[in-house]
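Heads up: the protein sequence lines correspond to chains Z and U, in order. The C-terminal position of the first sequence is numbered 220 in our numbering, with every residue numbered one higher than the one before it. The C-terminal position of the second sequence is numbered 220 in our numbering, with every residue numbered one higher than the one before it.
Simulated from the structure, these hints should not be mistaken for laboratory data. As the structure is a computational prediction, the values presented were derived from the model and not from experiment. Take the hints with a grain of salt, since some may be wrong.
Short derived list, chain U residues pointing at chain Z, Cβ under 7 Å [unchecked claim]:
1. Leu-36
2. Thr-37
3. Ala-117
4. Asp-123
5. Ala-128
6. Val-129
7. Glu-169
8. Leu-182
9. Ser-186
Restraint ranges, calculated between C-beta atoms of paired labels, are given here [claimed, not checked]:
10. Z:Gly-46 x U:Ser-138: 39 to 47 Å
11. U:Asp-161 x Z:Asp-142: 31 to 39 Å
12. U:Ile-75 x Z:Gly-127: 31 to 39 Å
13. U:Gly-39 x Z:Glu-72: 34 to 42 Å
14. U:Thr-37 x Z:Glu-207: 52 to 60 Å
15. U:Ala-44 x Z:Gln-61: 25 to 33 Å
Quick reminder that beta carbons are idealized off the backbone N, C-alpha and C, glycines included.
What follows is the residue order along each chain.
There are 2 protein chains.
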Amino acid sequence: MAQASIDGRRLRGDESRRGILAHAVDTASVDGLDGLTIGRLADAAGHSKSGVATLFGSKEQLQLAVVAAAREIFIDTVVAPARAETERGLSRVCVLLTNWLDYSRDRVFRGGCFFAATSVEYDSKPGAVRDAIIAASSEWEDYLTASIEYALAAGQLPALDDARQLTFEFVSFLEAANTRSLLYSSAEPYGRASTALRSRLRALGAEPGLIAAIGMPRAV
Amino acid sequence: MAQASIDGRRLRGDESRRGILAHAVDTASVDGLDGLTIGRLADAAGHSKSGVATLFGSKEQLQLAVVAAAREIFIDTVVAPARAETERGLSRVCVLLTNWLDYSRDRVFRGGCFFAATSVEYDSKPGAVRDAIIAASSEWEDYLTASIEYALAAGQLPALDDARQLTFEFVSFLEAANTRSLLYSSAEPYGRASTALRSRLRALGAEPGLIAAIGMPRAV
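Bound-form chain Z, shown alone (with noise of 0.2 Å):
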């Protein structure tokens, strides 16, 4: 009965808790992770500030688990369907840029891409924040640059030599569109980083049909 009671407490904890995360990371999105504050949020989500400070401790820790909660939505959304719906290699690459696209396109979160806008938040601020939003970039581009290096060892891109350049590239493509877009409210931008990434990767020698839907609104 007390372990049920406590269940219970821990329970409606994990969902108030979840619930003020979403809306934490949305908010953080357009108003940056220092303006987060837990009297604030406490009064977007009806609950007391030491009701929010119980379940998140402090600022900090706050701020950590935002990251934690932004990072995994963005591999739900971007890396995991690439995962389940291509074989590695040269189409994986093309799924996971759509996805960034879409994902950034289609406002997954309020203010566009959750890490093209902390990064620039906290490039100059060094800690605990910043660390844990330089891990979970650095986890994207990893896997980005592991992708394509399986297209390079299965002959996808033949006049590819290095992998890392080329993921700089592409990142610098997809935040430049999610950035610019916001800013001109225009999805002209997407079609700038579509253009540019199909075309740097047919000077790679990639197979046209492969690359031809980067960008492309994906059928559901």
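Chain U: place on chain Z using the hints.
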């Protein structure tokens, strides 16, 4: 005599304004434009809050003055030297790109490129401040596009068909290098961006001798 006294006051006002703005652009490049307050700037400059308010007016007027000051620094550092030193065409394009990389690497603003930082901060916040950031960024991109078009018209980029597309790709590389160099406290991203810029221009048929110096430290 009255006139001299007014002129003297105006002169001291101009000096105070310049000093406060120099501090404010630097601070905003790290903490964002939204973090600027009349009170904090007054503390940092050793002025009274009402004195700073008299010089700048509202917080939004202060933010707009900061964007205008950052625009002037950007033009003086990146654009004006390229105009003075080179002829129109591919040489000028190469010097513009190199100057931009130097401007970011030299931390002309403590938090790296002022416009890369504030574009992302304001991309989801419509209003006069965002409009001013958009105007300054567009001015730079238009100038780069016009410079590319001169190179195109002069036959220096035989395989290019869309100067605006190339500008998108170039600024993608520049801004990604800026953010990553800050985030990872590393100069490597400038090498990545330089490689990307040169290989893109090479693929468009640019004379190798003209593009070799992109991103190289410049002789003083």
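So, going through the hints one by one against the coordinates:
Because the beta carbon of Leu-36 (chain U) sits about 14 Å from the nearest beta carbon in chain Z, more than 7 Å, this interface hint is broken. Annotation: interface hint on Thr-37 (chain U) violated; nearest CB of chain Z at approximately 14 Å, more than 7 Å. Hint status for Ala-117 (chain U): holds, given a least beta-carbon distance of 6 Å to chain Z, under 7 Å. The beta carbon of Asp-123 (chain U) comes within 4 Å of a beta carbon in chain Z, closer than 7 Å, and the hint placing it at the interface holds.
For Ala-128 (chain U), the interface hint is violated, since its Cβ never comes within 7 Å of a Cβ in chain Z; the closest pair sits about 14 Å apart. Hint status for Val-129 (chain U) relative to chain Z: violated, with the closest Cβ pair at about 12 Å, above 7 Å. Hint on Glu-169 (chain U) holds. Least Cβ distance to chain Z is approximately 5 Å, under the 7 Å limit. For Leu-182 (chain U), the interface hint holds, since its Cβ comes within 7 Å of a Cβ in chain Z; the closest pair sits about 4 Å apart.
Hint on Ser-186 (chain U) is violated. Least Cβ distance to chain Z is approximately 11 Å, over the 7 Å limit. About 42 Å separates the C-beta atoms of Gly-46 (chain Z) and Ser-138 (chain U), a value consistent with the hinted range of 39 to 47 Å. Take Asp-161 (chain U) and Asp-142 (chain Z): their Cβ atoms lie about 35 Å apart, and the range 31 to 39 Å holds. Between Ile-75 (chain U) and Gly-127 (chain Z) the Cβ separation comes to about 34 Å, which falls inside the hinted range of 31 to 39 Å.
Checked against the given bound of 34 to 42 Å, the beta carbons of Gly-39 (chain U) and Glu-72 (chain Z), roughly 39 Å apart, stay inside it. The hint said 52 to 60 Å for the Cβ distance between Thr-37 (chain U) and Glu-207 (chain Z), and at roughly 56 Å that hint holds. Against the hinted window of 25 to 33 Å, the Cβ-Cβ separation of Ala-44 (chain U) and Gln-61 (chain Z) comes to about 30 Å, which satisfies the hint.
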